[in-house]
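Colleague: Heads up: the sequence lines are chains V and A, in that order.
Residues 1 to 485 (our numbering) are what the first sequence spells out, left to right.
Residues 1001 to 1468 (our numbering) are what the second sequence spells out, left to right.
Quick caveat, the hints were computed from the structure, so don't treat them as lab data.
These figures come from a predicted structure and were not determined experimentally.
Among the clues, some could well be false.
[What the hints assert, rightly or not] Below, simulated BS3-like cross-link-like pairs (lysine-lysine); rule was C-alpha separation at most 27 Å, straight line:
hint : chain 1 : residue 1 : chain 2 : residue 2
1    : V       : K301      : A       : K1419
2    : A       : K1144     : V       : K109
3    : V       : K429      : V       : K483
4    : V       : K163      : A       : K1425
5    : V       : K109      : A       : K1352
[What the hints assert, rightly or not] Computed footprint of chain A on chain V, listed as stretches where at least three residues anywhere in the stretch have a Cβ under 8 Å from a Cβ of chain A:
hint : stretch
6    : 142 to 152
7    : 297 to 308
Note that the Cβ used here is the ideal one computed from N, Cα and C, for glycine as well.
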Amino acid sequence: MPHILSTIIFLPLLGALVLAVIPARREALIRFTAAAFNAAVLGCVGALCVLFNHQNGGMQFAEDHSWIGQVGIRYSLGVDGVSLALVFLTALLGFLACLASDRIRTKVKGYFIVFQILMTGMLGTFLALDLVLFYMFWETVLIPMFFLIGIWGGPRREYAAWKFFFYTLAGSLIMLLGIVAVYFWAEPHSFSMITLARSTASLSPVVQGALFGAFFLAFAIKIPVFPFHTWLPDAHVEAPTPVSVILAGVLLKMGTYGLLRICVPLFPAAMTMLALPLGILGVINLVYGACVAFAQTDIKKMIAYSSVSHMGFVLLGVAAMNSTGFNGSLLEMFNHGIITGAMFLLVGVVYERAHTREIGAFGGLASVMPRYAFFLTFMALASLGLPGLSGFVGEFLSLAGVFVAFPSVAIAGAVGLIALVVLFLVMIKKMLWGSPGKGVSWPDMGLKEVCIILPLVVITLAVGFYPDSVLQYQKHTIDILVKLL
Amino acid sequence: MTHDILFILPEVVLAAGALFILVCGVFGCRRWLLGFLALASLTLAFFVLPGGSNTASSAFSGMLMGDAFGFAMRIFFLVATVLAVLLSMGYRWQDDDDAGEYFFFLLVATACMMLAVSSGNLMMLYLSVEMLSIVSYVLAGFLKRDIYSTEAGLKYFLFGALSTGLMLYGITLVYGLFGTLNLADINARLALSGVYAPTLILAAVLVFAGLAFKASIVPFHMWVADVYDGAPWPVAAFFSVAPKALGFALLVRVFFGSSALMHSGWPGITAVLAILTMTIGNLSAFHQDNVKRLLAFSSVGQAGYILAGLATGLLGLQAAFFYMIIYVFMNMGAFASAALLSPNRMDLAAYKGMGQRAPWGAMFFTMFLLSLAGLPPLAGFLAKFLVIRAAVEGHYFWLAAAVVLNSVIAFFYYLKVIKIMYMDKPASVKEVAISRDGYLLLAISCAAVIGFGLWPKPLLDILAVIFA
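All chains, please: the whole structure from these sequences, using the hints.
Modeller: So this is what it looks like as structure tokens:
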């Protein structure tokens, strides 16, 4: 299958075009078509995982065509261990979020069209190997997300949409400057990430540092790294449930993916030089995110801040600059996508019933909604890093990696982990235990809701018990990456 | 002699077509028929354009000259006018009077621009520009019963008369210094002496001022918002693309002929002017609540990006003209969709809920605004990318950074319009009907904006040949 990657990227866009010609009043057909296209994408990604040779750490299924030859922009795609897991994550969460969109009742057609364009942007970002192509897909994500939050969001949706948009836009335009600058500084001039990885290492550390800064700012806003994180809670709180799933599950990973895909291979000297500050930022994210999350009374905001905290682990893993750390970091990205995606789905379940997300409004849910209580507990335990579930593996590897490089940073991070544990246990206690409050009598999770959550539960358990199921795909690529340093 | 006539045949065809339309208008032909005649004249003019060969030719003893650049620019003006004619046919005018005169002026303006860009002599250049200006003043004040339109015409006239006067003064100084007005001779003389007398600099500044007025470069942009605001929508759309492009084309004609340019103050001064133009344009557009004024200031901002391309000299020349070609489609498209969606009310509130009231029109408007903002993969992104690339290649990092910062500001107000169309509740949900000609124009422009964004190769190849 020579064009499988192009197929994966543009299938959702085709879906958007098909949706555009369906009359707006045929909502059931629209929902079905959108789900069908996302299922097809997931199927293609599944085939990709099967065909993927995990002994080979290099680029596979590569496509490379001259596109705008006069300027040096190429249409080049490829998948390796760093991107495969994230592509799978995107396709899976995209499909599940699409199924979980039945609470979207207004402007259904527009919603799914925009959603499909968003999918194309995200998949393209993870598969592009040309910096300009990468940038194009990266920017493609912005406008759909602006609409998804701004039209279908909560009461303060417009504010949240603007904030999200301008934080990301400012960062990405600076990245554009970096892209053009790296093109002219590198010999031979190129936008190809593969070619650049061989040529930029000879640049002086100062130049590397400047270029790294331009890229890092864009990624830091997307991840988000403290102090650029303030858009995240607003965006999450206002976004509808499926959009929150995508936002936390996939969009944040675009930033951390950029660190591993672009910053590490292209600017190794700068990365080595700045590893310690990066690690410190990671610890700040971890501790600060968990502490702020603890103070929240809105469950969605709480999980949003816990995402900030988890991104701290990813940063720690990258700062380790060794293969354990990188493996942990990448695995944590995947796990966080699965676990937090599930958490947002679960928050959506109670919000639909209670129409509030105030943690004080709940209590004793375990006796009213036992199935819900099970899933929430399970995911919260995974999120806080209980051994045997997937969250633990990624967090442990990240910490272990960074311990080799900067022991004190690792110790500080481990302390932050305690805050995360307390946070989730307290959340479980407040929401599930105790006696049910007044008016707490909602139906338990239905079959469809369980079916949407179940794949995520299975993956969490599988990765927890057998981490190699994901690690085997990535470790050879990471070995190559580490050799570049 | 035949050669000379053949050279100006397209302009002759346009003038003849214009006169014919004027006569038809007197006998009460309908607007669509007159528009159709105008399109026919433009098409015929295209087919009689003399050769696209690279070899330079001249006509009327050096008054006019033909080269690849001139040839391309003449096509450019024909295309821009075709778009303007389509908009004039599709737009809902308040009254249907004087349609004949309207198309007459439009075609004459096109002929003037084509002559101006083919000028080999500063006198010829001045005459064409002046004639264009006079036609433009009439077009701006075309709605006779509308006091704002009259005001626009008068304002345009006052500013325009001053700036062409300045340019004429500059040209007389050039004549005093060189004893000739032939551009090729002047450039040859400059290359020999290489001396820059203060008088020459003064002359250059005066000529620059005259052309910058047309291109709406800060500080010669003051007229833009008021004139666009008062002029009828199709006229404003036409002004925002064609005469502006002429300003830039003539800047290149006059200033890029001499190779000494890059060693003079040109790059620094134009880069600063470019930054001022984009920043002032974008900041002024930022809090406009009148869509026409917003688009007017946005067109000033866009002029800044084009000038930023020219500031880096030959490096950015291709980028600047690529930008200009894309700009014609996206800006014409934006003006046209704004005009077609709300012909009479121009405040932002009139566009509330357009996403439901006119789904296709709103979608087209969104595409043009996003392209103006520079969102990939639309062509506006690539245009901006090329400008940034040229600036970085020429080591003007601050210029590149200014373009980037301005893009952030500009995104805000473009997105504000989109937000109002899709997220605000409308006062009424009455559907907005858009005419067939209007849709044709929007579809052509949108196809260009998407097509050149995804497949710019042919266009870049052509530009590479022109500026080889």
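Colleague: Would the hint linking K109/V and K1352/A be met if the CA-CA limit is 27 Å?
Modeller: holds, 19 Å
Colleague: Can the restraint linking K163/V and K1425/A be considered satisfied, given a maximum Cα separation of 27 Å?
Modeller: Within the cut-off at roughly 21 Å; holds.
Colleague: Is K429/V within 27 Å of K483/V, Cα to Cα?
Modeller: Cα-Cα ~47 Å, so violated.
Colleague: Is the hinted pair K301/V and K1419/A satisfied, with a Cα-Cα distance of at most 27 Å?
Modeller: Given pair K301/V, K1419/A holds - Cα atoms ~25 Å apart, limit 27 Å.
Colleague: So if I understand the rule, the pair passes when the alpha-carbon distance is 27 Å or less; does K1144/A with K109/V pass?
Modeller: With a Cα-Cα distance of about 45 Å, the restraint between K1144/A and K109/V is violated, given a limit of 27 Å.
Colleague: At a Cβ distance under 8 Å, does chain A reach at least three residues of the stretch 142 to 152 of chain V?
Modeller: Contact hint for the stretch 142 to 152 of chain V vs chain A: holds, 6 residues under 8 Å.
Colleague: If you look at each residue in the stretch 297 to 308 of chain V, do at least three have a Cβ nearer than 8 Å to any Cβ of chain A?
Modeller: Since 0 is below three, the answer is violated.
Violated hints, in rising order: 2, 3 and 7; the structure is consistent with all others.
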